[in-house]
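Enquirer: Here are the chains, one letter per residue:
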Amino acid sequence: MSMNYTPAEMMTIAAARALANNDVCFVGIGAPSAACNLARLTHAPDIVLIYESGTIETKPNILPLSIGDGELCETALVTVSVPEMFRYWLQGGRVTTGFLGGAQIDKFANLNTTVVGPYEKPEVRLPGGGGAPEIATSCGQIFITMSHKKRAFVEKIDFVTSLGHGKGGDDRAKHGVTTAGPTKVLTDLCVMEPDAKSKELTVVSLHPGVTREKVIESTGWRIKFADKVAVTPAPTAQELKVLRELQARTKAAHGEAA
Amino acid sequence: MSMNYTPAEMMTIAAARALANNDVCFVGIGAPSAACNLARLTHAPDIVLIYESGTIETKPNILPLSIGDGELCETALVTVSVPEMFRYWLQGGRVTTGFLGGAQIDKFANLNTTVVGPYEKPEVRLPGGGGAPEIATSCGQIFITMSHKKRAFVEKIDFVTSLGHGKGGDDRAKHGVTTAGPTKVLTDLCVMEPDAKSKELTVVSLHPGVTREKVIESTGWRIKFADKVAVTPAPTAQELKVLRELQARTKAAHGEAA
Amino acid sequence: MAAILSLAQAVEDNLKDGDIVAMEGFTHLIPFAAGHEVIRQGRKRLNLIRMTPDLIYDQMIGMGCAEKVVFFWGGNPGVGSLPRFRDAHENGWPNKITIEEHSHAAMANAFDAGAAGLPFAVFRGYRGAELKRVNPNIKDITCPFTGEKLAAVPALKLDVAIVHAQKADIRGNVLFEGIVGVQKQAVLAAKRSIVTVEEIVDTLEPHLPNAVILPGWTVSAVVHVPGGAHPSYAHGYYKRDNAFYKKWDAISRDRDSFRVWIGEHVLRKDPDAFAVHAKKAA
Amino acid sequence: MAAILSLAQAVEDNLKDGDIVAMEGFTHLIPFAAGHEVIRQGRKRLNLIRMTPDLIYDQMIGMGCAEKVVFFWGGNPGVGSLPRFRDAHENGWPNKITIEEHSHAAMANAFDAGAAGLPFAVFRGYRGAELKRVNPNIKDITCPFTGEKLAAVPALKLDVAIVHAQKADIRGNVLFEGIVGVQKQAVLAAKRSIVTVEEIVDTLEPHLPNAVILPGWTVSAVVHVPGGAHPSYAHGYYKRDNAFYKKWDAISRDRDSFRVWIGEHVLRKDPDAFAVHAKKAA
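Keeping their order, the protein sequence lines are chains W, X, G and D.
Residue numbers for the first sequence follow numbering that gives the first Met the number 0, beginning at 0 and rising by one.
Residue numbers for the second sequence follow numbering that gives the first Met the number 0, beginning at 0 and rising by one.
Residue numbers for the third sequence follow numbering that gives the first Met the number 0, beginning at 0 and rising by one.
Residue numbers for the fourth sequence follow numbering that gives the first Met the number 0, beginning at 0 and rising by one.
Please keep in mind that the hints were generated in silico from the structure rather than gathered at the bench.
C-beta atoms are modelled at their ideal positions from N, C-alpha and C, and glycine is treated no differently.
Treat the hints with caution; some may be incorrect.
[What the hints assert, rightly or not] Sample of chain G residues lacking proximity to chain W, with all beta carbon distances greater than 12 Å (derived):
#, residue
1, Asp12
2, Ile19
3, Lys43
4, Ile199
[Claimed, not checked] Example chain D residues on the side facing chain X (calculated, C-beta under 10 Å, incomplete):
#, residue
5, Ala112
6, Gly113
7, Ala114
8, Asn172
9, Lys183
10, Leu203
11, His206
12, Pro208
13, Asn209
Same shape as in the complex, but just chain W (with noise of 0.2 Å):
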């Protein structure tokens, strides 16, 4: 069993794991795409994939570059158009899990994809927050992977481009909100879960190798471990072909466009 693997790669590994047989996943670009199809691709052959594009349990064989990619359309069951998407799909309640990922991240989960700095004097202008703002409140649940580093892991957060658990404890359903959020933040170094009260990101799962040490340090609050910590099983070699294959592919078909 091969144990050479990126922390990138665990990372991918461990968000496609979470993911169950019956899931309806809303999909973004990056490594939630990646951990989706490759859950599609190992364990979880039923899981349905949604992309904002409309695209209705999509099947993938190569990873898209952007939402709106034809690979999603002609893998499809089925296309609808964007508002029917948002309306009768997201906001309908059929999603159970939704992925998001962002440029900061608070000790509650709140993301920020929007400007680093004041909104109208931002130091970096970022993309914006896409579909965030609602996927984050109308999905059962939602898995954050991001990149651990402290300038993203970061004690106050510049905009609130999407809520997580607000300030903390019921905060959430304060704002009129009752799916359950971020269940897990899935990192290349750990997996965090919000404290069951207090909804402070807590980790419970240390990727192999890693120190609570290297965690704090990559942390920008002073962060939680549970009780018992756990160490995330190393990628098997079925796990690691099946995700390599999947980029290779992908690399293939987009280098071929060039």
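Please arrange chains X, G and D on chain W, whose structure you already have, making use of the hints.
Expert: Same frame as chain W, but now just chains X, G and D:
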């Protein structure tokens, strides 16, 4: 030129003539359907006919028995869902002319297709408003076709299913309605139009052979006549031929299914 | 993923006495076979939603399945009235029913809002119309940007939707074609759903990306009932039986003749009886 | 009925300085040829609406066509940012632009409400999200039946919609296939519209009753521009030029290289230049 025609044929032909080649019509079953298709088969080949079933730009070869007949879909440019029909097409303001009729009409062309008698304890329970409440206010203008009978043309209707000119004058606009409303009432005796100021229905044309007295005795209010009352041109041989062929085809097709 | 069941099983598993149920189909694809099964199983106190009650609800109302009917047009298209609906509403036979009456636009918007998971629908409707006076489920709402006053109705939230479609595949994905009405919206607005179909195929071919398709995981049960929309029709399969619609008037006008007809054509039959209508036009 | 025109004529007839315009297409069917024509005709002060500004608006903004941009995600998908959009917004080059920022759901609903002739859209959105604080076009609205508080945004009301589609027939009826985004809604929300197409055919065959079709009388002008969506793609015709999307980053990052590219590929070209992209994949 044949002068043998029925009052109902005259009504249908008068209604067909009132339509223009660039009209977009929202069509009900019965006389309106015959009039619209007669127009399409004579002077208005490009007229666009839309039925409430979501069938857009339909060109039925026979008249439908219901607004959801297969013929309408088979000959339509496209068929949309019923919510889309009402939201994007009718409410979207894309219909120039809507057709309505009813069990009762008053002098301001308000219509009743709901109940005769009080709503809670009706003397006669009619099928109901159908699409009329919104057709009446969303189409650019409304043509009404009804058989001219004293019990239908009444001083006061029992229930306002759909708004015509309300209480007259600018009452229609007071309901927040900006469309023209009923601009023509075409019966088997005459053509009426609302007075420019009072909006009271006024006879502008009598069908050949119909006397003022006949119209007066067939109307439940003191009907007014325009300063100059025209005589409706009699049906041409061509109009009658096309209408009768259409109705013969319809009869044969609906009999066939028996 | 939808379960592929017998009609009796599908109705037994998914429809309870007192449920809010829509059995939709716009002239086209009306799920008559399912309506007959509901009668055979003797469901009571149903809150029946349909744009136009049509013969299917006339039959169910006459057999005492209904407590309430929500509708916008209660006639027999091109023929006349619905005698059993009127007898129940006006004379309480076989039981009293209440009605909630809307416009076509209102119900279309209410189905749409139900599918969209919204609590209410907004539309430019009912202006100057008297239904607003007699139906408390029609309210005003003001645009927060322009101040324009619009109409609001509650979204339709169904316990069960029952519809008929042309095809399903073995995973329960359902294809609708032709006049599609509010069938998709009804299923998406419902907690549970039954779809009867003309055919069950391995896969829905050819692949049409924008067809009207419901994924199997949005449907509770799929049932193979060829001819199951008769006397309504199935685009691409068989035509509407207009003659039966005309004949219904005489059958339904009289309580006894109605009961005799139901005895013969519903109570002593099963869903296979519909196959003859599919075959007739094939 | 739509007029079948040259692209230059269609843009000249339908797009004025200062117009509110949406040039839509969701990754797929982005009307690049039309965007280049707008640049050649030197339109100014446009209020540019697009879900994702993409390269098409980056090019137009860089050439000074824009006064305002309404969007929900302003990046180059899978690549990075839109340098000209950022330079205009942050540094006022070549002119200052203002932005109005929404979520994807908000814009989808706003297009839908525009097509439906409503003044505003209602959705369950922006809960706990900070855009509400900085965008005055996001308000609360309360359900009159349940008391639930929802979000409202103004409907999009466009002067002009410009989209690309696969096919039109000689009467100007337009067929969209694949990822259809909000193209139909944009045209229906606009006073005037231009549709560039890969092909003009006699009739849209085969007859698919529920296809995504806009009747010719809802469209102002249809223009035959094969390849007109390049570097975006046309389902059934040619693929997305992902390599060009990646290359754009370097072209656009620098004001001079951007202007050189526009001079060579836009100002000194005409719509026929797009045909090569259609041919390449045929």
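Enquirer: Each hint: holds or not?
Expert: The hints, checked one at a time:
no., hint, in the structure
1, Asp12, "19 Å, holds"
2, Ile19, "17 Å, holds"
3, Lys43, "30 Å, holds"
4, Ile199, "16 Å, holds"
5, Ala112, "9 Å, holds"
6, Gly113, "9 Å, holds"
7, Ala114, "5 Å, holds"
8, Asn172, "6 Å, holds"
9, Lys183, "8 Å, holds"
10, Leu203, "8 Å, holds"
11, His206, "8 Å, holds"
12, Pro208, "4 Å, holds"
13, Asn209, "6 Å, holds"
Consistency with the previously given hints is maintained throughout, with no hint failing.
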